[in-house]
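The listed protein sequences correspond, in order, to chains V and Y.
Under numbering that gives the first Met the number 0, read the first sequence as residues 0 to 188, first letter to last.
Under numbering that gives the first Met the number 0, read the second sequence as residues 0 to 396, first letter to last.
Don't take each hint at face value.
Claimed, not checked - If we take Cβ atoms under 8 Å as the criterion, some of the chain V residues that face chain Y in the derived model are:
no. : residue
1   : Leu46
2   : Pro58
3   : Arg64
4   : Val71
5   : Leu116
6   : Ala125
7   : Met129
8   : Gly134
9   : Tyr152
10  : Leu155
11  : Leu159
Stated by the list, open to error - Below, in silico cross-link-like pairs of lysine to aspartate or glutamate (DMTMM-like), each with a Cα-Cα straight-line distance of 25 Å or less:
no. : chain 1 : residue 1 : chain 2 : residue 2
12  : V       : Lys153    : Y       : Asp65
13  : V       : Lys153    : Y       : Glu30
14  : Y       : Lys341    : V       : Asp114
15  : V       : Lys153    : V       : Asp57
16  : Y       : Lys202    : Y       : Glu158
17  : V       : Lys153    : Y       : Asp70
18  : V       : Lys153    : Y       : Asp68
19  : V       : Lys153    : Y       : Asp5
20  : Y       : Lys341    : Y       : Asp319
Claimed, not checked - Facing chain V, a subset of chain Y residues (Cβ under 7 Å, in silico):
no. : residue
21  : Gln16
22  : Leu22
23  : Glu32
24  : Met58
25  : Ser73
26  : Gly157
27  : Arg160
28  : Ile162
29  : Leu290
Worth flagging that the hints you see were computed from the coordinates, not collected in a lab.
Virtual Cβ for every residue (Gly too), placed ideally from N, Cα, C.
One letter stands for each residue in the lines below.
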Amino acid sequence: MAEDYEASSFELPLFDAMGRRFLRRLAAQLRDGTDEDDLAQEVYLRLLRAESSRLARDPRRYAIRVARNVAVEWGRLARHRRPHLELDVLDAKAAPDPSPEAHVELDQQLGHMTDALSQLSPARRAAVLMRLRDGLSYAEIAEAMDLSISMVYKHLRLGLAACQQQLESKGVTGVAIHATATPKEQAEK
Amino acid sequence: MSHRIDHATSAIRMDAQEWVVRLDGPLQASEREEFVQWLRRSPLHVREYLKAEAAWQIMLQAAVRDTADVDALSRQPDASAGKVVDLLAAMAERGGGVQIASRSGTIRPGNGARHGWRGRGRKWAARAATVAAVVLLAAGGRWLMQPVDGQVYATAVGETRRISLQDGSTVELNTDSAVQVRYQRGYRDIVLLRGEAFVDVAKDPRRPFRVMAEGVGARAVGTAFNVRRDNRRLEVTVTEGRVEVEPVETASTNWQRLAEDLHVMLPGAGGDGAPGEVALVSSGQRLSVDLRSKSIDAGAVTHADLARWVGWRHGRLHFDDERLDAIVAELNRYNSRQIRLKSSTLASRRISGNFDPNRPQQLLRFLAMHGDVVVHVNPNGDSEVVPVSTDGKKIRR
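All chains should be modelled from the sequences, with the hints used to inform the complete structure.
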């Protein structure tokens, strides 16, 4: 099919650097359930407004971009309206490098994730590494491991599930904007 | 920090993880559309998707640092230390999967190999309504208690849907459309998020019915009318009774728009905003409003060809001496396989006709009958209409 595309996993060129950074910070900073719901709510409404054909062209990139825009806008607003707020914002443009704290947090996350990876079954870990580290396509992994493609998908999916669960049990994942006033709080003012 | 989540959430989480993995591989257009529909199902879907995508990014980082030898790994038997985590994941999967299956009918096969992705996707789509309902219940008070986020109803490309509301009013959604229902004490509000809807309003003089888009509202007490929007315009066509079109609230910044989205609209809003001209649109009339300027011009109300503007409800689109590019744009709304005109003279040709929006081939055949165009179908299913001279040679523009 002419329109098929396969994203190379290694650097995920699918996202620009800002999109990648956003996602990593999202994971680093987002923890308490309240804000993540606000963010999701707004992203959801914007996705509903989007033209379907544009959204369907590259839904992944589109959704991430919308989420990042919301985070950036809210970050600016919060800074603008309440200068005294402690801000640890996801504004990739304004703060190109994560703060030292964020670095520590990222390191911690990576540590948990590394643990989670090493605890996967050997076959699952191999599938994850071939895809994410070595950049093999799902079809190539299937061939290398002598598995069906759907089995490879399943390994990746369960690998992700295990790793995400590990992060959450350590209290690190969660999508929310850390220390950023949510629109609701501001509006109540 | 609790990481216990209810079953509906865990089912959505697993779907989100599955989508993240699938999105990282080759996807066909139909699968991308399927994902869009899934993602648009609820804020919870969006949240879980973002979380899974973030976890995937960290996993990517960790994998890059992992020095394990893949060949060595594949020689190891699968019964090693890692089992515990795997088992947990598997248990979480089974628990959630079974639970959601009994409530929504979405059965998660134990063995992915026997069930293709595609088939499963179709099943999801068919159950969308049920799942959305389950999700709303299970997502707990949070989404329900906020007066702001009412139920959202949406259609995919090519789909129509009729919704009966609690007061007896009905909303018919045309292709690729979404509305949010926000009934409150003083008002029955519908927000047109995208696309087109026909509303038949049950009479209730004490509680006006409003359809709103980006700060422009169409207000009625008991009538039937059609509203359609894109990013630039809102079009109101009235088939019965009378509708007032007015600015609802001027939203000058994203922030205000957000607040407007997240909070209840003030009844009779617009009070301190724009002078607020009101246009009265009566049965058989039509008004188009610029959503950016929001200026309402009562003089712009025109006579409406109802068959043209509301014919979609009966699956027919009537065109009377309209430009071909406008007709094609109209048909393309209903189909993921698009028609493209490869010449400007073709685009400005005027035709009349009566077409089934879900069968764009009708138009293509109609055009081909004239003998001066050929239709190429691309591998992705799109059709290109190319003019040819009478001797059959392609004409370069």
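Results of checking the hints against the structure:
no. : hint                   : in the structure
1   : Leu46                  : 6 Å, holds
2   : Pro58                  : 5 Å, holds
3   : Arg64                  : 12 Å, violated
4   : Val71                  : 11 Å, violated
5   : Leu116                 : 5 Å, holds
6   : Ala125                 : 4 Å, holds
7   : Met129                 : 6 Å, holds
8   : Gly134                 : 10 Å, violated
9   : Tyr152                 : 6 Å, holds
10  : Leu155                 : 4 Å, holds
11  : Leu159                 : 5 Å, holds
12  : Lys153(V) to Asp65(Y)  : 21 Å, holds
13  : Lys153(V) to Glu30(Y)  : 17 Å, holds
14  : Lys341(Y) to Asp114(V) : 56 Å, violated
15  : Lys153(V) to Asp57(V)  : 23 Å, holds
16  : Lys202(Y) to Glu158(Y) : 28 Å, violated
17  : Lys153(V) to Asp70(Y)  : 20 Å, holds
18  : Lys153(V) to Asp68(Y)  : 21 Å, holds
19  : Lys153(V) to Asp5(Y)   : 22 Å, holds
20  : Lys341(Y) to Asp319(Y) : 23 Å, holds
21  : Gln16                  : 5 Å, holds
22  : Leu22                  : 5 Å, holds
23  : Glu32                  : 5 Å, holds
24  : Met58                  : 5 Å, holds
25  : Ser73                  : 5 Å, holds
26  : Gly157                 : 11 Å, violated
27  : Arg160                 : 15 Å, violated
28  : Ile162                 : 15 Å, violated
29  : Leu290                 : 11 Å, violated
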